[in-house]
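The lines below spell out each chain.
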Amino acid sequence: MIIAAIDSYLEVAPLAWRDAVVQWCPEPTQWLVHHLITIVAILAVFGTLFAFTPLAERKLLGRLQNRLGPNRSGLPWWQNGPKLWGLTQPFADAVKALTKEDIVPAAADKLLHFLAPVLIVAFSLLTFAVLPFGRHLVPVGLDAALLYFFAAGSATELAIFMAGWASRNKYSLLAAMRALAQVISYELPLILSVVPIVLIAGTLSLQDIVLAQGFWTFGFLPHWFVFTPWGFAGFLLFLVSALAESNRSPFDLPEAESELIAGHLTEYSGFKYALFFMAEYFGLTALSGLGVTLFLGGWQAPCAFLQFIPSWLWFMGKVIGMLLLFIWIRGTLLRLRIDQLTRLAWQFMVPLTLINLGNAAFWSLTAGWTGPLQLVRWGVSLAIIVIPFVLLGRRLSAGRHPRTYRYAAS
Amino acid sequence: MSVSDLSSFTPSSGPTVRAVKDPFHGDLLEVSMGPQHPSTHGVFRMVVTLDGEVVVKLKPVFGYLHRNHEKIAENTTYLGSMPYTDRLDYLCSMTTNWAYALAVEKLAGQAVPDRAQYLRVILAEMTRLVNHSCLVGFLFNDLGTSFTPLLYAFREREKILDLFEALSGSRMMCNFQRFGGCRVDPTPEWLAAASRLVDNYPRFLDEYETMLTANEIMLARTQGIGILDAKLAVNAGITGPCLRASGYNYDLRKVDGYGFYPRFDFKVPLGAHGDTYDRYMMRILEMRESVKILQQAFRDLPGGPVMDPKAKIRGFRPKAGEAYGRIESPKGELGFYLISDGTPNPYRYRVRPPSLINLTLLEEMCLGHTIADSVVILGSVDIVLGEVDR
Amino acid sequence: MLGSGIINGLIVTAKNFVGSYHDPKRMVTVQYPEERAKLPENYRNFPFLITENATDPMGTLRCVACQICEKECPPQCIYIEKSKDKKPDATGKPQLYPAVFAIDTSVCMSCQICVEVCPFDAIKMDQVFEVAATDRFTGLLLDREQLAKPNSYFHEIHPTDAAEVDTRLATERQAAEEKAKAAAAAKAAAAAKAAAPKAAVKPAAEGGPTA
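Protein chains in written order, with the working numbering: chain S, 786 to 1195; chain L, 377 to 766; chain Z, 0 to 210.
Bound-form chain S, shown alone (with noise of 0.2 Å):
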């Protein structure tokens, strides 16, 4: 009882905070604090993340490449404090990007140049408005989310593509035509992945999708779409569409560092390449919580007795499990080359998608198969996905093996 008490409390203590301090305020001027206090607490909630999601990244980079990551940074004025594990290296990397000297090329277009970075992170972090955070928090509860995520999301291209004009190098440049390439690519099948969810749950609006995923078979086995094949086969198009779509490896082309040092940043410093930075990490927090609400329940608990934690918890928790799995990929994985990144996209994926359209679509007019039907359902649907897989994956990867080597006679 206390529990529930507790709960229904903490599920909406964020809303009651808002309009405590909303009911402070005079009457015109409360619609604007209503919204400011929003974006506030989106911008510290999310700007918190990022300064803890990079050095988890190298602390995860770290252990995954057997060393120790950063343990070192402690208090300031404090030298032989705590060390802490290294959890003040945000700070201790806050200050050096805003002391460090800003360099703008002598050659580079100064207004573009400059516009770029503060275009990125803005366009980044637009598309947080229309994400269910939890049961009652929805910033803007749109009905057409889901397009606007994407007009949003797919805008940050262009500030790519204006940073790379901009610097006057020829590597940034070439990073800009390749993020360009990338985006044009790789657009469709992050769309298509996702058109099957709006096929079954019937809406564009993502508080419905989540809402329509909020059932357990025997209370412990949560209606996720994730769990069906279209929906698994779904998410695995998704993540990949949106590793290539947030620049991260194996997608990392435009700013890949082996061949073009830092692609559309070579000509940025300081604060203006933490910007960058920050936008690159939103961005993917952003397609985190979208492939979270999507696929894997949104804020919804996987299972029934586990629902007395609130919702937003959840949420968060699914978002960083995602962003670990980004980071753990981004610690195996070599990069593709441009050809075959728009290759593996225009082969591959938007057949797939399209495919897994159609089985969505055999999903939703079967859904009345019952009993040993059921089994029948499962088949049909997981066929119609794999054997595509297999053999598109065939033709891909044609010619393609690892070989066995001969040794001279002697």
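For the record, the hints were derived by calculation from the structure and aren't laboratory data. Take these hints with a grain of salt, some might be off.
What the hints assert, rightly or not - Covered by chain S, according to a simulated footprint, are these stretches of chain Z (three or more residues, beta-carbon under 8 Å): (1) 2-14; (2) 23-29.
Unchecked claim - Subject to a maximum C-alpha distance of 20 Å in a straight line, what follows is the list of computed PhoX-like cross-link-like pairs (lysine-lysine): (3) Lys70/Z to Lys688/L; (4) Lys643/L to Lys482/L; (5) Lys955/S to Lys688/L; (6) Lys24/Z to Lys535/L; (7) Lys447/L to Lys70/Z; (8) Lys482/L to Lys695/L; (9) Lys92/Z to Lys186/Z; (10) Lys688/L to Lys482/L.
Where a beta carbon is used, it is the ideal one built from N, C-alpha and C, also for glycine.
Position chains L and Z against the provided structure of chain S, taking the given hints into account.
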């Protein structure tokens, strides 16, 4: 006529070079990669002309690390050049030491005791493990991993370098070989530790191969990329794993049988395609063969001195004459050509660096591939700028 | 199937991630200023000069300023000036000593050739590697006062090597002493002989013509 001029008349592979200004196709982009660039493996520069992302012309520029090695050696004693040879190929000082010692021993007619010969084989093969592990690590960094394979390779290299340090006093600048033997006799503990490390090495190689050899992205990025024709490679004097990856059987350990290599049972892996993947796999397979050689060497290591008692440290003056000593260094044929006029200094001292000569066909390998591939091809050739520029 | 290689790779990195927490073979990092890896005995860094007696380092340098190391040093970083006078060395023989002995450690490449060519075991390799200086020229140019370290320190860092050197020097010293003794005895004998025969010869000489 230089090699890059030749290619414009008789292109061996890839598209022909066209003018930088071409109103029909649009302009080409000329990018100067290096000398400060993350993946040119030091201060190397490639002037790359790009059509979109495709390389249509590539001019290697080197010499930024020139240290006048040969002239310095002609002005110091024979022994005094030994520490400078450490700095030629700074990843494999043990083999560069050996190549130089071999040349001087040939020049002076100096005998080497059996134990020293075995020790040289052990150290050379451990150096091969170090070099090849590092190379594949760096190659994957060029391929875009976030340092993970490189750091795994460094982890294993670290253990070998610890052994080098315990034996010679320095991790990389070993300065270990002497004319007529080796400087220090390893203790039984050292030999036991080294033997244990070598026995564990295949486990690391297995892990490494599980991680990367069958990786689809790796296959897509390296197979069919940077093909080097065997005939062209022989004509250009390419040696080492690069040549063997093209399918040409030439390993100085078998051809010359220098040192005690004829006593060991090992095979020479050969590639079939001559592409980047073959060059990568040659290294992996050679490491496995090195482990076999090392195990035999630890088993058969004889007792006795490691230094010929008649060898002279002070006042070493070989009689007038000339000699060319060469070994199969991890990168290829490493040779030292010496002329003595009977004084304590060599009259002429010449290094045949495998890195430099393997680099000469870089353009032929890169033409028609993208800029990302050119970096990977450079990585697969395995250069060390200390040796290229000398 | 497409993707199996990628999944294998992910499994390997995950294994390494877990292994880095419990397997010292995977986690090889040493937290440097707090923990220090044990230096092997053979480790070498920069040369130092051995003195026999810590209380009088300049008086008991083993170095006799023969300048072999100066000539053999590949980067020419050793500078020696011979003394005008001679001092008795460990064996009691009068020897020159270095009035100036300087090593420019910014040039030195730690090759150990000076140690190998030294016939007097007077120069050895040190193991101090924290040698940063704030001054580019004089801070790294070490003179003989900075270079001199007692033999006991040599025993500390290279015990095997030092013991070997000491026994060799002891036998040499003994041999020298015996030689000196023998020489002294021979001298005495010679002197005695010189004295005795004179006495003996004289009569002979005297008696010579008679014989």
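Hints the structure fails to honour = Failing hints, ascending: 4, 5.
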